[in-house]
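Same order as they appear, the protein sequences are chains H and L.
Here the first sequence is numbered in numbering that gives the first Met the number 0, starting from 0 and rising by one per residue.
Here the second sequence is numbered in numbering that gives the first Met the number 0, starting from 0 and rising by one per residue.
Don't take every hint at face value.
Chain H stretches covered by chain L per the calculated footprint, using a threshold of three residues with CB under 8 Å from any CB of chain L [as the list claims (entries may be wrong)]:
| id | region |
| --- | --- |
| 1 | 36-44 |
| 2 | 135-145 |
| 3 | 148-160 |
| 4 | 409-423 |
| 5 | 459-469 |
Think of the hints as simulated: they come from the structure by calculation, not from any bench.
In this text, a Cβ means the ideal position worked out from N, Cα and C, and glycines have one as well.
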Amino acid sequence: MLHMRTLGLLTLACIFFVSATARAGAVPSTSLDITANSVDFFYNRYIVTADGNVRLRLSDGTVIRGETFTMDLKLNRYLMAGDVHIDGPTIHQTGAALAGYPDLDRTYFLPAAGTPERDTYYGLNWKDPHVGREQPGDAYHFPDLTGERPYIKAVGARIVPKTNALFTRALVYTAGAYLPVPHYAIVFSANSHFFENAFPGARADVGIPFNASAHSLSALHVRNDAFNGTYLAFDQHFVWDNAYIVAAIDPLTQEQRQYNVLGYERFSPKFESRLFLQESAGGPGIIYQPINAAGYGQLQLNAGLHRSGLSYTEDNYWQYLLGIPEPQFDTIATNSYDPRWREHPMDATLSWTGYENRLFSHAPLLFRLRTIVGMAHDIYGYGGFPNELPPPPDSFYHTFGGTLYTSGLKLGPYTFTPSYDRQWTWFNVPHETDARDARLSLSRSFARQHVNALLTYEVRTTDDYWGAAQLAAYPNYGVITTPFGSYTTPDAFRGLATSRGWTGGLVYTPTQYFTVNLQLARFYDFPVPVPGYFGQPPWQFTGDIRFRISRQVQVDLTRAYYFNFANQRWSPQFGIQFSP
Amino acid sequence: MRRRMAVVLTAVAVLFLALPSLAQPQGTLVRFTGQLLDVRNGYVYFSSGDAFKLSPSYTVADYDTGASTTLRPAPKVFARAVLDPATKEVVELDLTTRRLASDSAYSPDVQQAIATKPSTVTAPEIKGVAVSGREVAVEFIVTVPPSTPINAEVYISTDAGGWNPQEIKLDRVEGDRYRAVRRLASGTRFVFRVTRGSWNSVEVGQDGLEVPPHAFFVKESDAQSASATVYAWSDNRSGAPQPAQPGAVPTPFNPNPFGGSPLYPPSRATPPGGFPTPRPGQPPNRPG
């Protein structure tokens, strides 16, 4: 069973790869290879310049030489000037300047033989110069880089228009100094799939992208997290218009590693699939044969229907990919046998979600419906909560729910936004839950004071009905001991939980370079929260200040205060983030 | 004899002194300023695409002092060409590395001196709007689905910012709306997506499928607004409340308790004997 599923998932991954590669072959690849005495890249302008013995090779083999070169990566246009020589299978020309406009499929040229003219070439057809055709007024203009410092200094670059630039023998400006790296890639693609991340969270992550092509990106990462400390990691991206694969090893330099693969493919405008595979492996040394490994896989299929969507999600968990561990590690079941080895836990859901609909044709009342069918399997019991021992290994359930809401309603200077959500879930172990969420928001903008105020009242309830077994399902818990202490739960709690909360927020934005966002929340929960077990801090305050320290860098400082819940006042540290 | 010698020498001296003035162009000189592309084959080329014929005896001088200079005519150097309308040739190039404003209006004399053959065929593919690059206040307004938690953080991620999923943080200003203002140069063209801080929680369409990014162009105006409506998030396509994990009491505030339950069997993520992986007791580590 285990091998069959593993095989199935691996086959799916191969299908992803092969089909995506087949699509990639149909797209013509174009690139510009540049060598020069110096090649510079200006990050905040996305401009590449090259000076001294510049040699530019186009993807059709044409070589253009000149004294200076500049390319605006965002506008996707380039300029070569000074003693320009064009040499290709069908052209040998000298001139003063050449300007390439790939988006217009035009190359503009000022020949220097005879009387000066303006030539225009279509695409890479160098046979017909189209003499005297109108040219853009700024075709031969150099960008103004006065006062700019290059982020990268190199001796060569390979530019894939609208995608990336790979610099050779690069010096990268880092913390006030230029650090040498053999290759360094800059990605400026409008395709966000290049930036899909296969790493778990970390306190710090510095990427060193060292290789790139029209459809790939390879990077080393220097990362730091609380568990592993500082370490190296690696990820590899393959990206196409409608598909991507990201593979990562994290950490690369520690004994315990995670191997992650993300896959996505859009087969048609109304059908897409996602795959996530993760293997965790551990063993002695950096280069080793793992002695233990676990795996996780998630497959998701999404389809668009008529004014609705259908989504299937399946999770699989493999605790023992390398077989049963040593007996001393398995001390609960039979001392030597864990049935999860053969029957790994899994769960699956099939959900249908409707589009937004109007309840009445002339009233701004909107609603969305949803229904879910799901199951879960775990040999040690699943879905038997809260108090059935031993719980059954399989759980089947179905859900129906919907949301009723409006967009903001103007009430004089105020905006009123109500919403109501309700969801019923029925389980095969005979019980059902009824979850409700009612939210009312009132906001007002004080334009002259640059302040926005928001007040929200929300009531959420989750009722777990067990019928005649209600009291057995929810007995008095008595005293619960958690790492934060011992707490007595209320006798009255019998499975019907409520959370009522007020949240007030103020946003002060005197200029576009400074923002203060303050939020205070007060929750009245039943049963009362038990730190480390369930519940949320009754009082929560969050402060967020954003300001610019330079034209390019904005600092975001956040911190929360919990009013001594679980002996915690201020959150342990500031959240600090730098952004453009 | 001496007298004749003196007369001849005087005549030679007068001729020598007079020659330069004879070589001076007739009429008023005109000037054209811009950035050089190249000096080649008897012509000087400017970044405007215009070429002017060089006089065989043209001189090179410093732009500021008029004295001789070591600067040579080369690409990117700024120059003022002194033209003789009579010969339509450049008689002097004044060079500097200091940035000079290029001439955009041409006097009739300069117009006539341009050696480049005129364009005779229009190019319909060349079109566009004139932009100055001035700063424009762009207001991002994002409407979120009603299931979005009231304290959720919402961000804008753009291709211009390298698709950082936390690039522009928005503030909740209404029950279902977030807002932020940025100053962007007119003419800026970018695409953006709305996230909740990571690519695991990015906006999706009403049918749950990935949506193309929103395209935006900063026009030549005082202020602009970029609006987007999010119907669902990729980590909760149906907008349903998060189900409780096994072993957890189902409450509205406890879908994923941060502590293990002391009362019930351990959850699926924690096998007997402990998790044999690097992160004991944690669910699978989804990328951020």
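Outcome of the hint check:
For the region 36-44 of chain H, the stated coverage by chain L is violated: 0 residues have a C-beta nearer than 8 Å to a C-beta of that chain, whereas at least 3 were required. Coverage of the region 135-145 of chain H by chain L holds. Counting CB-CB distances below 8 Å, 8 residues qualify, and the rule asks for three or more. A stretch counts as covered by a chain when three or more of its residues have a beta carbon under 8 Å from one of that chain; for the region 148-160 of chain H and chain L the count is 0, and the coverage is violated. Coverage of a stretch by a chain is defined here by at least three residues with a beta carbon nearer than 8 Å to that chain's beta carbons; for the region 409-423 of chain H and chain L the count is 7, and the condition holds.
Counting residues of the region 459-469 of chain H whose CB lies closer than 8 Å to any CB of chain L gives 4, which reaches the minimum of 3, so the coverage claim holds.
The structure shown violates the earlier hints numbered 1 and 3.
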